[in-house]
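Enquirer: These are the residues of each chain, in order.
There are 2 protein chains.
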Amino acid sequence: MFEFLLSKQFVVVLGPAGSGKTTLVGSYGRWLESRGVKVGYVNLDPGADYLPYKPDFDIRKYIRVTDVMKKYNLGPNGAFIKSADLMLELGDQIYRELVRIPSDYVLVDTPGQMELFVFRENGPELLGILKRIGFPVAIVVFDPLLAKKPSDLVALKLMATVIQLRLDVDSIPILNKADVEISDEVARSLEEELVLMEALSREAGVRADLAQSLVQVMDDYRQATRLVRVSALSGSGFDELYDIIHEVYCNCGDLT
Amino acid sequence: MFEFLLSKQFVVVLGPAGSGKTTLVGSYGRWLESRGVKVGYVNLDPGADYLPYKPDFDIRKYIRVTDVMKKYNLGPNGAFIKSADLMLELGDQIYRELVRIPSDYVLVDTPGQMELFVFRENGPELLGILKRIGFPVAIVVFDPLLAKKPSDLVALKLMATVIQLRLDVDSIPILNKADVEISDEVARSLEEELVLMEALSREAGVRADLAQSLVQVMDDYRQATRLVRVSALSGSGFDELYDIIHEVYCNCGDLT
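Taken in sequence, the protein lines are chains U and G. Per my numbering, numbering of the first sequence is gapless, rising by one per residue and ending at 256. Per my numbering, numbering of the second sequence is gapless, rising by one per residue and ending at 256.
There are no misleading hints in this set.
Distance condition first, Cα-Cα at most 25 Å in a straight line; then the derived PhoX-like pairs of lysine-lysine:
no., chain 1, residue 1, chain 2, residue 2
1, U, 82, G, 148
2, G, 82, U, 70
3, G, 82, U, 82
4, G, 70, U, 82
5, U, 61, G, 70
6, U, 148, G, 82
7, G, 71, U, 71
8, U, 38, U, 61
9, G, 61, G, 131
10, G, 70, U, 71
11, U, 131, G, 148
12, U, 148, G, 131
13, U, 70, G, 61
14, G, 71, U, 70
15, U, 70, G, 70
Partner residues are not named here, just some residues of chain G that face chain U (Cβ under 7 Å, in silico):
no., residue
16, 17
17, 18
18, 81
19, 116
20, 155
Beyond 12 Å from chain G on every Cβ pair, some chain U residues (computed):
no., residue
21, 32
22, 55
23, 192
24, 201
Keep in mind the hints are simulated off the structure, nothing from the lab. A virtual CB, placed ideally from N, CA and C, is assigned to each residue, including glycine.
Model the full structure from these sequences, guided by the hints.
Expert: As structure tokens, this is what we get:
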């Protein structure tokens with residue numbers, strides 16, 4: 001296991017607010033550890049309250065959203081943006097501390113609000129730092145409440161592609177909270193692309209042909225890997241998640 | 001002007017944190033008013049500090065992020081999520097107040113963090129309300145700092161498509177802050193798709209063929225309208241923005 005490691009592997013966990021990133025980092029980390037992997041943990045969320053893991057690097061040592069609100073006399077919106085931008089000034093410090101983490105497999109927790117990482121400069125900058133140290137791969141965590149209709153599945157896969165383009169990193173979309181029920185139609189659309197294509201054409205309101213064409217393109221470029229369902233609480237699906245991440249690393253290896 | 005109005009038109013202004021949504025709502029509204037349009041204003045951002053317009057409906061009458069932090073003893077991350085979910089309970093109230101706005105052209109300002117609207121349930125729910133009252137169109141505002149490389153342009157257009165699928169509404173991506181300089185390559189890629197296609201193939205790191213194929217699909221479905229550049233401060237580009245919004249409304253009209 002892990003004989004393909006040449007340098008640090010970073011699994012960067014992204015996802016919209018409330019998708020369960022932090023819980024997943026904690027439970028996936030414990031799952032890996034129980035299988036003998038020495039795991040490192042990085043918290044990049046300056047707004048985090050509680051972490052279910054012991055971080056080797058914690059951005060809150062330098063930046064905390066609540067402190068930023070007070071210090072700069074900002075409302076919560078402004079404080080989040082300011083915090084994201086303050087991270088940019090810490091690049092060298094972050095690099096030095098990440099290099100020293102004594103693990104080859106490092107889970108990276110990101111800001112609660114995904115857009116403050118993906119749609120500002122600190123996200124691409126941070127990925128640049130990770131690439132100097134090793135191989136980053138992103139997993140993008142979604143709540144199954146976001147998968148109510150078949151076109152939602154297309155939206156989630158597209159979102160993972162947006163992240164791939166912005167951060168220049170392979171991204172794997174997953175559905176967290178596997179205990180939350182999804183409709184039969186969505187469940188079957190997850191399993192079978194033909195079912196998804198058919199379901200899309202039946203969906204009212206959406207431009208079915210646009211959604212279908214986008215699915216086809218993502219498929220052609222192996223973007224539309226099956227949306228894995230995991231549960232950060234029970235650990236279900238972690239085997240499959242591990243395999244997919246492994247596969248992406250191996251492909252990266254082929255390319256270098 | 002506006003002879004095509006049959007019922008209320010809603011221009012829903014979305015965009016990542018810090019893109020300048022609120023300023024744009026204020027200045028685009030004043031621009032419309034100076035041309036004789038009676039404009040209504042809706043604020044749906046429970047985290048807003050200051051509004052440069054007088055809202056006909058203001059969600060902060062019911063929900064304020066800072067109050068939610070205190071009342072539920074939550075950190076800023078949790079308070080934003082809770083606030084988004086509290087909006088869901090206000091659906092009927094919002095409907096009743098929006099119907100009463102004495103204007104046929106209504107600008108709708110959305111939560112500072114776009115993902116709290118697009119990737120939770122309150123966004124689709126709110127769009128459902130707007131559709132019961134009139135015709136919504138979304139404009140998606142981006143900061144030109146997000147357009148550093150050609151593949152960023154693809155990411156922004158894709159993000160607008162994600163919003164279209166999630167909210168089931170036509171979406172128009174625009175670049176705000178026209179005074180911020182962008183590179184020659186990006187500027188020419190904005191104007192000419194052939195330049196974009198070529199620039200993508202030169203870009204290191206990104207899978208050029210994936211980005212190119214996505215551009216082609218979005219183009220085929222008229223998704224990839226030229227990214228208009230506007231300035232919320234100077235009002236430059238508002239003519240073009242107005243025309244594009246008008247065009248989308250007219251197309252909607254054709255379909256009904």
